[in-house]
Amino acid sequence: MALLEAQGMVGGYGGMDILNGVDITVDTQEIVVIIGANGAGKSTAMKALFGLVALRGGNVRFDGADVTGLAPNHLVARGMGYVPQERNVFRNLTVRENLEMGAFLKPAATARVMAQVFDLFPVLAEKAKQPAGELSGGQRQMVAVGRALMAEPRLLMLDEPTAGLSPLVMEQIFERIVAVNRAGIGILLVEQNARQALAIAHRGYVLATGRNRFAGTAAALLGNPDIGQSFLGG
Amino acid sequence: DDTKIGILFDITGPIASFIPPMMDSVTLAIDEINDGGGLLGGKAVAAVGDTTGTTQGAVDAATKLVNIENVPVIAGALMSGTTLAAANAVTIPAGVPQISPTATSPDFTTLNDNDFVFRIVPSDAYQGVVLARLVLDQGIKTVALTYANNDYATPLATGFAAAYKAGGGTIAAEVKHEEKQQSYMSELGTLAKDKPEALVLIAYAGDSGTTIVKEALENGLFTRFVGTDGLRDNKLIEQIGAENLADSFFTSPSAPESEAAAAFEALYTAKFQTTKDKIFIGQTYDSVMLAALAVEKAGSTDRAKVRDALREVASAPGEKILPGEWKKAKELLAAGKDIDYSGATGEMEFDGNGDIPGVIGHFVVEGDGYKQVGLVNP
Amino acid sequence: MDITLYGLMMYGLALLTMMAIYGVLCLALNLQWGFAGLFNAGIAGFFAVGAYATAILTAPESPNHLGGYGWPPLLALPVAMALAGIIAWPVGRICLGLKGDYLAMATIGIAEIIRLVFKNESWLANGTMGISTVPRPFESLGQPWGNLAFLALVLAIVIALYFSAERAWVSPWGRAMRAIRDNETAAAAIGKDVVRFRLEAFVLGAMVMGLGGGLSAMYFKFIGATATEPLLTTFLVWVMLIIGGSGNNKGALLGAALVWLIWSGTELFTNRLPAEWITRSSYIRTLLIGVLLIVVLQRFAKGVLPERPPKRID
Amino acid sequence: MIRVDNITKRFGGIRAVDDCSLHVTKGSITGLIGPNGAGKSTLFNIIAGTFPPDGGSVQLDGVDVTGWPAHRLFRAGLARTFQIAHEFARMTVLENLLAVPAGQAGENLLTAWTGWARVRREEAAIRQRAEAVLGELRLEHVAHELAGNLSGGQKKLVELARTMMWQPKVVLLDEIGAGVNRTLLSEIAGEIERLNRDHGYTFFVIEHDMDLIARLCHPVIVMAEGRVLTQGSMAEIRRNEAVIEAYLGGGRTNQNGAGIGAA
Amino acid sequence: MAEFINLYLIPGIAIGCIYALGAVGISLVFAILRFAHFAHGDVMTLGAYIAYSLVAAFGWSVYAALPFALLGGAIACVAIDRTVYRPFRRAPGIIVVIASFGVMLVLRSAIQLGWGVDVLAYETGIRRPLPLFGDIRMAQKHIIIIAVSIAIAAALHWFLSSSRMGKAMRAMSDDADLARVSGIDTERVVRWTWLIGGGLAAAAGIFAGINTKLHPGIGWDLLLPLFAAAILGGIGRPYGAIVGGLSIGIAQEVATYPWIGGDPLVPPAYKNAVAFFVMVAMLVWRPTGLFKGRVL
Ligand SMILES: Nc1ncnc2c1ncn2[C@@H]1O[C@H](COP(=O)(O)OP(=O)(O)OP(=O)(O)O)[C@@H](O)[C@H]1O
Ligand SMILES: Nc1ncnc2c1ncn2[C@@H]1O[C@H](COP(=O)(O)OP(=O)(O)OP(=O)(O)O)[C@@H](O)[C@H]1O
Ligand SMILES: [Mg+2]
Ligand SMILES: [Mg+2]
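Residue numbers (my numbering), protein chains in the order written: chain A, 68 to 301; chain B, 337 to 714; chain C, 9 to 322; chain D, 501 to 763; chain E, 26 to 321.
This is chain A alone, in the form it adopts within the complex (with noise of 0.2 Å):
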């Protein structure tokens, strides 16, 4: 059974629609990789799936039930995690904090799951007691995801969590997508760093305009000459 399964998402800011119908499905112990061109409506999709975005049409189903409209704090609490794209630390808050705030709905947690970030981000136990506003750009996406791992999710999403990231680190952060995943945590992941992330994802959708234009595997899209020349860069 899906994990996630949005279905004919149509809403926007204002008035204004920007997705046109937007089908999106994670299996349980799945990846999945959502790319299209800026401004494609790929992060406004995953705020719908967040109930961050108010939708008109279609709906939301996580494990199960539906949550469409449901305020983030449910779905927090039904084992949904979420990095937006922008503004995604506590600026004034020191690493620590932000990763407690992570887990705010699991304090008992805390100490056990913020080891495992400090192990997979050895930089922010450094800076642990810096406020994340005087990060560099790539230790906040560090600092970010860390934070919503640190509610032990069921479903992560990730809005291009390696935008700004070193080759090293962002090896890295794909490693421990992996390795999230492999621990029973399906994954859905917009990423522009679109060809390495569909190595390792297992299915991929592409938007444009605020629709579904192509979606399957993670190889088949690779090997897609027309998404390749208009995605990933050539």
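Hints listed in this document are in silico derivations from the structure and should not be mistaken for laboratory results. If you're wondering where the values come from, they're calculated on a predicted model, not measured in any experiment. We put the CB at the ideal spot given by N, CA and C, even for glycine. One or more hints might be untrue.
For the chain A half of the interface with chain E, some residues (derived, Cβ under 10 Å), not all of them [said to hold, decoys possible]:
no., residue
1, L119
2, A121
3, V143
4, A144
5, N155
6, R158
7, E167
8, F171
9, L172
10, R179
11, Q183
12, F185
13, D186
14, L187
Given the coordinates of chain A, work out where chains B, C, D and E with the ligands should sit on it, guided by the hints.
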């Protein structure tokens, strides 16, 4: 037809706490007029405007009274600043007579007003001089002086200080204070430094007055206070306790023959069940009564005529009219007789500037109220 | 009802005059807030400088305060503006480095200090007693022509200000200003001298606030301590601008008109309350004003006329 | 073109840039890479005058510009983008560009009031240029959208577009690639090459996308812990053990694909 | 010296405590909801009047009424938030400031309608201050005001630093959207903010009433110094607000001491100017307040 009397009061804003009993006084006057045969063949109606205690609000409210309510005459405003603004910007140019019950600023004396602006309290310049006389008469040779930084207290204090020094008194310390503060202990520290005999305190009881008296007593800095009409308020006795004010004394505009004052007192008590004198209610009543008498005398709502009639009904000669005698006044006027209103707060003999000379009473605390123990002449 | 046409007209004149004077203040504030994002909460201070300067310059000589120089009113206004600007310049130099709300509090603090100086230094402006001999232009024409002429003067000023502000809004100057408002680091990185632009907006706005002060001193023919209370000269202007729509000069004017209508007009209704409510009607009026402001705001959360990017220049 | 000598910048206890010296030659496209937190953006901010250094000096075209405010540097010919997009959020995309050229006549209020004809003429020229830039970056359809409403990648494009509105001598690009679609990015790379070739702009580029760096930049400077680690061609850099360890990693995800993943 | 402590310093501290309690609420609201709450002074007034009603109705001491009035102020704030401010959650701060201006007018006139405009007092008569040591004396009310303020500050410190809700407030003050994404129920945080801010405001209002007397303008008259205190401490910094309140309260009293010669250093009519001067000077020196404000 009903006839409107404009009431321009500072209902909200800094002196809001004085207003309710004054409004009762307005009601008292209006009811009396209507019970005694009405005004100009109809009823008298109060058209109320709220200055909000600011220049802008005063001008706005006065504009509405003059133009929308079309009043022939206005009683008000109360604070000197709002009264001046309303007069300058609205009533004088429009030619509407205005009678302030309480505006004490000396500026009114010299105001270029085409004789449209009157007031029925003596100028601060005058009360200040009288206060100085009284303090000297009580044998007090050195005082500390503090006054609120507002348009009521400042000229009074200036007048007092000049007259007191001229009369041989010494002002050991003089401090101007802002109203609405949370504490006046530091001011009192300065004032009490040379241990003067008494504290002359010119402020409203409802504002800084009570606080200063209280803090001074609690800290043993002063035991004797000298106040003016702003302080001579029952709130002071309620909150401080009469026993703590035994040595203190006050001045306030008053009536020479207490016949009129007593008549008013009886009327007010009968209607509002309280024997305690409330501040400025007499002046309010008088201003409304004068306004109505002038309209009645003028026989129309023509504003210039009302203004001319005002002096006639207010001044001698003529048959004395006391508070509560509207009916009599109306009959006399109908018969073409001259009348002379004798107000709750004194004879209303306007001079050329629209001021009254006024009589100042000397008050002390007795029982749980104030008692007039004499009149003071400068 | 004894409402007369003449009375209505006179009230209308007064209403329009007040709206226009507040319109001047709103345009000034829009220049600072709507254009440059400067949170000036010290309108009262510059208003006071303009008002007192006008009063001192135009009033006849008096022993109670400085001067009384008896200048012709129309000569005094530019000087009042200049004085407000001269005060604003160092204030701006010191404070414009402050961000948002800190700037607001600093300016409010300075305005209060200015107010207290006028209130306490009686040699300067007769302290709390104020100056009650300020002449109003055209008053010799009598009523209603004098009032009408004065209104025409104020309206002419408002119109001139409005068109100047509109031109400034569409011009590259306004664009640079908005860029600075949105992101000062980036604006500096594209070559905008942030300090200079801000100071220009601040000083210009303060001068116009001084003009508003001068006009209102003339209109009231009186300037005293209560005329410069922040409630009516700072906060109400903010209410007007925000309700009308900041970043929109038309909104600024509309806000001034609408809010003043609410402020003043409510009394006409509460005055119709039964006689027993005589004391309370004023509180009810305040209540009504508050409720109306909230309702309008909930209905128009971006102001009645929200900010729009200017049309292209051509 | 840019000469950085012994620049140091401390934030509290940490030295973000530590006695760093480097040189960007005129007409080059110089790359700056290094681990996250190496101090690259901080160095850019110092060069561009966004904040002053604690020590050291910066020269632009032979002139000592240390401590110059940002707006003055821009006028001296230095344009830059921000890593985290600094768009003018309540202005349209078009206006974001129109605001750029320095010294517009209409930026003087008196001229705006009195010399409208001149302002109009100037504006027409600026607008033409802006429209061309928008076209090149695929932003024409959002020209009248408020910049604050753009998607993350579009905002980065606006950053880049602003530098193209001005004829600078040198452009500092701080990770314009992050979040930008790869196909579009390679077109942007072409544009950068064209500007460099045809107009002689010098570029100084921070980027984590090695494909882009390899295609565009020579030389490439590697920073780590606030200092220059090494410098050379991309091919040399790729072989440098220290760089691989600190920055490039195994490169498995990096070189087209055959990854670590489940696929 | 004794005179300095008795007449200048101690009243200054008491006033400072009142400022601090009010300013903490302003600061909290600022931190969480990002707007300057204009009606805060009138919430203070409301609290003071609720206490008065209890004193008048049951003959209680005002200190017994304090907890109930605190609750009253807190609940009133939550109610106001729901009816007025909630639609503005995503609106720019200035809009909400203006809405709170409307609330201020409504609250004040409601108080005037409900309780009248007369000047009232919790207790009447004269109470001599208690001798502490030497010539140092302290009024009972001042002892209580200062002691209760310290207790409240300590409780607040515990709440913000140790409780989960306190942490959630910190997160939300930093980035409300991200807090929601992290699973924090932001509306609950908002509710707690108002409960605390409203309660503290009520306490401040009651103390102001105890210190002097009660009238419908009591809170409004304190509003500007409260803002000054909140800003001085650094926006959104409750501890800063406490320090700011105390500094301003003490500075404005102590500045009128005759430090040089026999006259007050600053004429007392300029007391408020001192408060603002301190604030402006401070901001020039430290542009974001003593505690570098922005979040809790
Ligand atoms: N404003 C600041 N306050 C305190 N520390 C800062 C500040 N800005 C940057 N730092 C610190 O300085 C170091 C260098 O940061 P910088 O942003 O220059 O890195 P970078 O090389 O650009 O990294 P990235 O590739 O991730 O963007 C980092 O450790 C960061 O935490
Ligand atoms: N807050 C907003 N208000 C209005 N429009 C918005 C808002 N955020 C995004 N948009 C518009 O919605 C469209 C889709 O934006 P979205 O952020 O979903 O794109 P994206 O696919 O994530 O792009 P990118 O790869 O650049 O992040 C864009 O055209 C953008 O202009
Ligand atoms: Mg996106
Ligand atoms: Mg960087």
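Status of each hint after checking the structure:
1. About 8 Å separates the beta-carbon of L119(A) from the nearest beta-carbon of chain E, less than 10 Å, and the hint is met.
2. Proximity of A121(A) to chain E is violated relative to the hint, the smallest CB-CB distance being about 12 Å (cut-off 10 Å).
3. The beta carbon of V143(A) comes within 3 Å of a beta carbon in chain E, closer than 10 Å, and the hint placing it at the interface holds.
4. Evaluation of the A144(A) hint against chain E yields a held restraint, the C-beta minimum of about 6 Å falling below 10 Å.
5. A distance limit of 10 Å between C-beta atoms decides the matter here; for N155(A) the minimum to chain E is near 7 Å, and the interface restraint holds.
6. The criterion of a C-beta within 10 Å of any C-beta in chain E is met by R158(A), whose closest approach is roughly 6 Å, and the hint holds.
7. Interface restraint check for E167(A): the shortest CB-CB distance to chain E comes to about 7 Å, inside 10 Å, so the restraint holds.
8. The restraint placing F171(A) at the interface with chain E holds, with a minimum CB-CB distance near 5 Å, inside the 10 Å limit.
9. A cut of 10 Å between beta carbons decides the hint on L172(A): the least distance to chain E is about 4 Å, and the hint holds.
10. For R179(A), the interface hint is violated, the least distance from its beta-carbon to any beta-carbon of chain E being 18 Å, above 10 Å.
11. This hint is violated: Q183(A) has a C-beta 18 Å from the nearest C-beta of chain E, more than the 10 Å allowed.
12. Interface hint at F185(A): violated, since its Cβ lies 19 Å from the closest Cβ of chain E, which is beyond the 10 Å cut-off.
13. Hint status for D186(A) relative to chain E: violated, with the closest Cβ pair at about 21 Å, above 10 Å.
14. Evaluation of the L187(A) hint against chain E yields a violated restraint, the C-beta minimum of about 18 Å exceeding 10 Å.
Hints 2, 10, 11, 12, 13, 14 from the list above are not met by this structure, while the remaining hints are.
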